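Asker: Chains as they are written, first to last, in my numbering: chain E, 1 to 112; chain H, 1 to 120.
Among the clues, some could well be false.
Capping the alpha-carbon separation at 16 angstroms, the derived lysine to aspartate or glutamate pairs in EDC-like fashion look like this [as the list claims (entries may be wrong)]: (1) E:Lys71 / E:Glu56; (2) E:Lys68 / E:Glu56; (3) H:Lys44 / E:Glu5; (4) E:Lys42 / H:Glu40; (5) H:Lys44 / E:Glu2; (6) E:Lys68 / E:Asp49; (7) E:Lys71 / E:Asp27; (8) E:Lys42 / H:Glu41; (9) E:Lys68 / E:Glu5.
No wet-lab data here; the hints were simulated from the structure.
Quick caveat: nothing in here was measured; it's all calculated off a predicted structure.
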Amino acid sequence: GENVEQHPSTLSVQEGDSAVIKCTYSDSASNYFPWYKQELGKRPQLIIDIRSNVGEKKDQRIAVTLNKTAKHFSLHITETQPEDSAVYFCAARFVGAQKLVFGQGTRLTINP
Amino acid sequence: NAGVMQNPRHLVRRRGQEARLRCSPMKGHSHVYWYRQLPEEGLKFMVYLQKENIIDESGMPKERFSAEFPKEGPSILRIQQVVRGDSAAYFCASSPVGQGASSSGANVLTFGAGSRLTVL
Chain E
1 GENVEQHPST LSVQEGDSAV IKCTYSDSAS NYFPWYKQEL GKRPQLIIDI RSNVGEKKDQ
61 RIAVTLNKTA KHFSLHITET QPEDSAVYFC AARFVGAQKL VFGQGTRLTI NP
Chain H
1 NAGVMQNPRH LVRRRGQEAR LRCSPMKGHS HVYWYRQLPE EGLKFMVYLQ KENIIDESGM
61 PKERFSAEFP KEGPSILRIQ QVVRGDSAAY FCASSPVGQG ASSSGANVLT FGAGSRLTVL
């Protein structure tokens, strides 16, 4: 079935430390993996994405890694800041079904 | 570009009433997706539509829920005879091509601000 598992569900880190969120997906044909950030009461916003033809992508303090063999991908946030506090969702595109399936979300709290 | 527009932003209904949620996709986007988010939960796929066609409604309850995306006007998610369990945020997202297309970058999903339905 179409399934994306995300861990942990909550994560608390000290400001300046790194945060890592991990996701696994069920369909080996999936080829697109975006990450969305959702602040309280706001819309999900795309922060970074990766396609299956690359193993890693970086944008300033944010990076995503993809292991297609193991069917998992991870979000890495370095030098965390208070404004990084939000809920983060991973997703995988299930090509045959033509839709994005989202993980359950990770509530990230940055402690000053 | 005004982005994905949803209205109403907040809707209160009593049990048994009907709720209609509207979504205007970004300019140039002809693919619309509806997701439901229960409090403290993730985004659950409901339905995928193109103009005048329902492509995938596998995530939508068989009863009381319907969706349309007419040739003219916004996409509408309709919930009949609402119950308290329908209380949630309903997000619409759009993309210029479908998620089945392999073109890089062309099928990024952009979300609207959501419609928060409260059933009393």
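Asker: For each hint, tell me whether it holds in the structure or not.
Answerer: Hints and how they fare:
This hinted pair checks out: Lys71 of chain E and Glu56 of chain E have alpha carbons roughly 14 angstroms apart, not beyond 16 angstroms. Simply put, Lys68 of chain E and Glu56 of chain E have alpha-carbon atoms about 11 angstroms apart, close enough for the 16 angstroms limit, and the pair holds. Restraint check: the Cα-Cα separation between Lys44 of chain H and Glu5 of chain E comes to about 13 angstroms, which is no more than 16 angstroms; the hinted pair holds. At most 16 angstroms may separate the alpha-carbon atoms for a hinted pair to count; Lys42 of chain E and Glu40 of chain H meet this at roughly 13 angstroms.
Pair hint Lys44 of chain H plus Glu2 of chain E holds up; C-alpha atoms about 12 angstroms apart against a cutoff of 16 angstroms. For the suggested pair Lys68 of chain E and Asp49 of chain E, the alpha carbons sit about 15 angstroms apart, so the restraint of at most 16 angstroms is met. For the given pair, Lys71 of chain E sits about 8 angstroms from Asp27 of chain E by alpha-carbon distance, which is consistent with the 16 angstroms threshold. As the CA atoms of Lys42 of chain E and Glu41 of chain H are separated by approximately 14 angstroms, the hinted pair is consistent with the 16 angstroms bound.
Between the alpha carbons of Lys68 of chain E and Glu5 of chain E the distance comes to roughly 15 angstroms, so the proposed pair stays at or under 16 angstroms and holds.
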